[in-house]
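Asker: Spelled out, the chains give:
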Amino acid sequence: MIRQRKLLLSALGVLLIVLLASFQYSRRIREYRSEHFLMDTLISIKVYGRNQEVLKKAVAEAFAEMRRIAELADGFPQPGTAAYGSSDVCRINAQAGKQPVMVDNDIMAMLELAKKYHHISLGAFDVTIGPLMELWGFGGEAPHVPDAHSIQAALARVGSDKLVLNGHERTAFLTKAGMKLDLGAMAKGYAAEKAIWILEKNGIEKALIDAGGNVRTLGRNVHEAPWKIGVKDPRKSAAVTAVLQLENASAVTSGDYYRYFEAGGKRYNHILDPRSGYPAVRTMSATVVTKDAGLADILSTVFFVLPPEKALETAGKMSGVEVFLVTADGRILHSSSLKGRIEVLPGDSYRYDQGR
Amino acid sequence: MTRADKFLLAGLVLFSLLSMAALYSRFSGGDDKLQSSKAVISVQGKILRTIDLTPGTRSSFTLQGRLGPSIVGVEGNRIRMLEAPCAGKVCVNQRWIENPGETIVCIPGEIMIRIEGTAPLDAVTR
Chain H
1 MIRQRKLLLS ALGVLLIVLL ASFQYSRRIR EYRSEHFLMD TLISIKVYGR
51 NQEVLKKAVA EAFAEMRRIA ELADGFPQPG TAAYGSSDVC RINAQAGKQP
101 VMVDNDIMAM LELAKKYHHI SLGAFDVTIG PLMELWGFGG EAPHVPDAHS
151 IQAALARVGS DKLVLNGHER TAFLTKAGMK LDLGAMAKGY AAEKAIWILE
201 KNGIEKALID AGGNVRTLGR NVHEAPWKIG VKDPRKSAAV TAVLQLENAS
251 AVTSGDYYRY FEAGGKRYNH ILDPRSGYPA VRTMSATVVT KDAGLADILS
301 TVFFVLPPEK ALETAGKMSG VEVFLVTADG RILHSSSLKG RIEVLPGDSY
351 RYDQGR
Chain P
1001 MTRADKFLLA GLVLFSLLSM AALYSRFSGG DDKLQSSKAV ISVQGKILRT
1051 IDLTPGTRSS FTLQGRLGPS IVGVEGNRIR MLEAPCAGKV CVNQRWIENP
1101 GETIVCIPGE IMIRIEGTAP LDAVTR
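Protein chains in written order, with our numbering: chain H, 1 to 356; chain P, 1001 to 1126.
Please note that a few of the clues may not be correct.
What the hints assert, rightly or not - Straight-line Cα separation of at most 16 Å, EDC-like style, residue types lysine to aspartate or glutamate; simulated pairs: (1) H:K56 - H:E200; (2) P:K1089 - H:E262; (3) P:K1038 - P:D1052; (4) P:K1038 - P:E1098; (5) H:K266 - H:E200; (6) H:K291 - H:E200; (7) P:K1089 - H:E200; (8) H:K339 - H:E224; (9) P:K1089 - H:E141; (10) P:K1046 - H:E35; (11) P:K1089 - P:E1110; (12) H:K201 - H:E65; (13) H:K162 - H:E112; (14) H:K56 - H:E35; (15) P:K1038 - P:E1116; (16) H:K176 - H:E200; (17) H:K6 - P:E1116; (18) H:K236 - P:E1102.
These are calculated hints, taken from the structure and not from any lab test.
Source: prediction; values computed, not measured.
Work out the full structure: start from the sequences and follow the hints.
Answerer: This is the structure in structure tokens:
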């Protein structure tokens, strides 16, 4: 009898171990990833957690939010289509010089941010750059160098001082006919930040959103270490010039290599200085590291357009903002506060003075 | 211990060993995949085909993107876009990819080619 009880007990013990093992297996951290073509780019969301259903639901909601913002902010749908009707930006543009337009909360928030950083950057960041972008043809298939006279004419229709916002009525108004908003320099980052907020609301603690190279990380990576984010080499296609260690932060880059054309042996990139009407040429790439992806997106354009030393100085005055620059003359510069979180790989192509 | 007890004990031990083997193989399944070289091609978010990247082989084929036909070239363990109907040709200009986690993305055609496996970096800002 005693023997039989022992046997039964040991049998139960073995069963318990097997059950525990399978339970552990089902509780281990898994990755769930999903990718969608959105906002003229590929957006990928990776999340980590124990419950596959929770992960799936969170990512679906995050994408739904990004799609909603993409539609509100899309400046290029054909008039008359459904996409045109659901775009606040198109409605504001259509009423330029006529009347204020009531807009969604998120568009209002974006435009308020845009005006704030237009002021801080002394005009280097301007969402009313639409007429200039259109003149250069960067949105379309045949970009070209416009004549100086047309650039002056387009510049007259650019300027965030002529964008009037009314927070109480939630309206936006471009006061001059022919003005055009272009949220291309901020919408992806803003949308990624909203998506992170949705993921967090769903209890997600680890995630990485890559919105066409605009990167936002949540928490630490699956090995409980900081995420390793490369900074693309502005000239070599598969290479990186630095590796950043990010924890709950964003890295967004503006570069001269993404959209550009060559004419008369000169390179013309798509990031225009809204004050001159010509492409900004002193920097090859500007990467901003800060928590908020929306802010990182805005500042990457600001620091690309500003002269490199001025960009470093401006970033230095902002708390929690760091910048990494590859200048047009091949120098690598970065905020000293990045030390310890950055590995610079200058190779033979760039000069890097570590003393800085 | 009776004969039946011994059978029961042997059966339980066997059962638990098999369960452990099953769990172990599921655990390590992911790592095994990293060793072999495969490219996954998806169009508009749906996986279209998976290509074995075998050294010493060479081929090309046409696939239908959102804009029309694109031609993909495979050579040994690397893969590239040879022709595309888009205006920018970013995907064609990117040339070969071969490392785990590397991707070629054609945004207007909504095509993605990705080498299976985990990249040493979590992402690249660009």
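Asker: Keeping to a limit of 16 Å between CA atoms, is the pair of H:K339 and H:E224 held or broken?
Answerer: violated, 21 Å
Asker: For the pair supplied as a hint, P:K1038 and P:E1098, confirm whether the alpha-carbon distance does not exceed 16 Å.
Answerer: Given that 16 Å is the threshold and the Cα spacing comes to 9 Å, the pair holds.
Asker: With a cut-off of 16 Å on the C-alpha distance, tell me whether H:K56 and H:E200 pass.
Answerer: holds, 13 Å
Asker: Within a Cα-Cα threshold of 16 Å, do H:K56 and H:E35 meet the stated pairing?
Answerer: holds, 12 Å
Asker: Check the hint pairing P:K1038 with P:D1052 against an upper bound of 16 Å on the C-alpha distance.
Answerer: Since the Cα atoms of P:K1038 and P:D1052 sit roughly 5 Å apart, the hinted pair holds (cutoff 16 Å).
Asker: Decide if the proposed pair is consistent with the structure: H:K6 and P:E1116, CA atoms, cutoff 16 Å inclusive.
Answerer: The given pair, whose Cα atoms are some 50 Å apart, is violated under the 16 Å limit.
Asker: Assess, step by step, whether the Cα of H:K266 is no farther than 16 Å from the Cα of H:E200, and give holds or violated.
Answerer: violated, 46 Å
Asker: For the pair we were handed, P:K1089 and P:E1110, check the Cα-Cα distance against 16 Å.
Answerer: holds, 13 Å
Asker: Is H:K291 within 16 Å of H:E200, Cα to Cα?
Answerer: Within the cut-off at roughly 14 Å; holds.
Asker: Starting from P:K1046, check that the Cα of H:E35 is at most 16 Å away, please.
Answerer: holds, 10 Å
Asker: Need the status of pair H:K176, H:E200: alpha-carbon distance at most 16 Å?
Answerer: Distance ~41 Å between H:K176 and H:E200 Cα, so the pair is violated.
Asker: Can you confirm whether the C-alpha distance between H:K236 and P:E1102 stays at or below 16 Å?
Answerer: Roughly 15 Å between the alpha carbons, so the hint for H:K236 and P:E1102 holds.
Checked against the numbered hints above, the structure breaks hints 5, 7, 8, 16, 17 and satisfies the rest.
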